[in-house]
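Participant: Model the full assembly from the supplied sequences, consistent with the hints where possible.
Sequence order for the protein chains is U and L. Using my numbering, the letters of the first sequence correspond one by one to residues 256 to 612. Using my numbering, the letters of the second sequence correspond one by one to residues 19 to 114.
Please keep in mind that the hints were generated in silico from the structure rather than gathered at the bench. Glycine is no exception: its CB is placed at the ideal position from the N, C-alpha and C atoms. Hints may be right or wrong, so weigh each one.
[To be verified] Covered by chain L, per the in silico footprint, the following chain U stretches (three or more residues, Cβ under 8 Å):
1) 284–298
2) 467–480
[As the list claims (entries may be wrong)] Dumping the calculated DMTMM-like pairs for lysine to aspartate or glutamate here, alpha-carbon to alpha-carbon at most 25 Å:
3) K503/U to D490/U
4) K386/U to D411/U
5) K503/U to E105/L
6) K292/U to D84/L
7) K307/U to D84/L
8) K503/U to E46/L
9) K497/U to D411/U
10) K541/U to D83/L
For reference, the chains in residue letters:
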Amino acid sequence: MAPPAHPAILSVGRALPPNYVDQETLIQALTTYWSAKHHNAERLADIHRAAKVGGRHLALPLAEYPALDTFGKSNDAFLRVGAEVGEEAIRRGLAAAGLSPRDVDHLWFVTVTGISTPSLDARLANRLGMKPSVKRTPIFGLGCLAGAAGLARASDALRAFPDEVAVLLSVELCTLTLQRDDASVTNLVATGLFGDGAAAVVLAGSARANGAAGPRVLATRSVLYPDTEWVMGWDVVDTGFKVVLSAKVPEVIEARVGADVDGFLADHGLARKDIRHWVAHTGGPKVIEAFRRALDLPPEALARSWRSLGEVGNLSSASVLFVLGDFLDAKDARPGELGLLAAMGPGFSAELVLLRW
Amino acid sequence: MADSAMTPAEAAVAREIVRLAREELRLEGEPPAPDEPLAGRFDSLALLGLVVAVEDRFLVILKDDDAAGASTLADLARLVLARAPPERVPAAEGAP
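Facilitator: This is the structure:
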């Protein structure tokens, strides 16, 4: 019997908008705005500093945000900037894989920060000159989970088409969704944490990959936690997407993820000790720490997630793909070593992807 | 805890804090007892939301150090009453 053939991750292209603003500058700008709403402006700064984010790449220059006073204007900005960073991420990913846009057979597009029909993937297929037969799958609503889930769905599909190439594109412009007139603590936490960026993972089916160096996707697992729909997501309001975020999120992760990872690994004859590389979503300090505790990992196991959070903030679904890109760039994973890519998000759900370098 | 008995002025502040929790923050359920630890009743984000709402309503600033000394509704009401400008404090029941 032939050995099982697994899809390969060839590259991760990443793109950030050019408008980098450090966290202290953002705190200053927001404090000026919110001091009219809150008596203790220093508390707002404390909440922002607790996010452990050094700065964010904003979709727009800071001065342009006040003009975004309707959902329509914010979504228009999403489509314009999203096309730019999405194109750049795909071009970088394909170039690193030695492929061209016409090689792409499947285009998976995930986002939770803007909407359109046709979806952004159609616009990008045209801009990039992809072939008319490209199979597009836009996915909206998986939130932070969608980078891992998209990688899982794309690699699952390539098992049926081992000669084909898939691109998973994540575009998340979280700062365009922030509700500036929502002075709730939940919104303040989100304002301190989320950044903007795009990532494109290029995958090849087993036959097409043919000896490529990147990690193989061995298996995927979804876990939907019953009756936890309320712990995070969006309320859709007149001004766009208003964040729903419960303090229960780290608790759910800490209580559940250990057993789910163990069960997934056991189904493949593996245990936690067999995993050398942990590619974890950069949900925020409490989420990363809950994930670490759930799996009883040493602090350094999630160093790349912490660093990414500090450098660019939580990029929602793109976050875990940025961390994956850092692993590929570092080239310190050796052939045969195993990795687990994991993200948690609205549902509440976890997505697990087993990798072998 | 004899200490938890509130003066009428403190009780008025406590009622206003409970109203903020219920109406402004939509925190549900029975109001906490005066000497019940708030951290046992509200999760960390909800508690932070309550603190921010209290700061805004009473024009007070609550430092992290204060949290150690204000773990219950009665403690919080006492602290707020000591710091709030008089015009922000609700009238106590029975007051003229």
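Participant: Which numbered hints turn out to be false for this structure?
Facilitator: Hints 2, 5 and 9 contradicted; others consistent.
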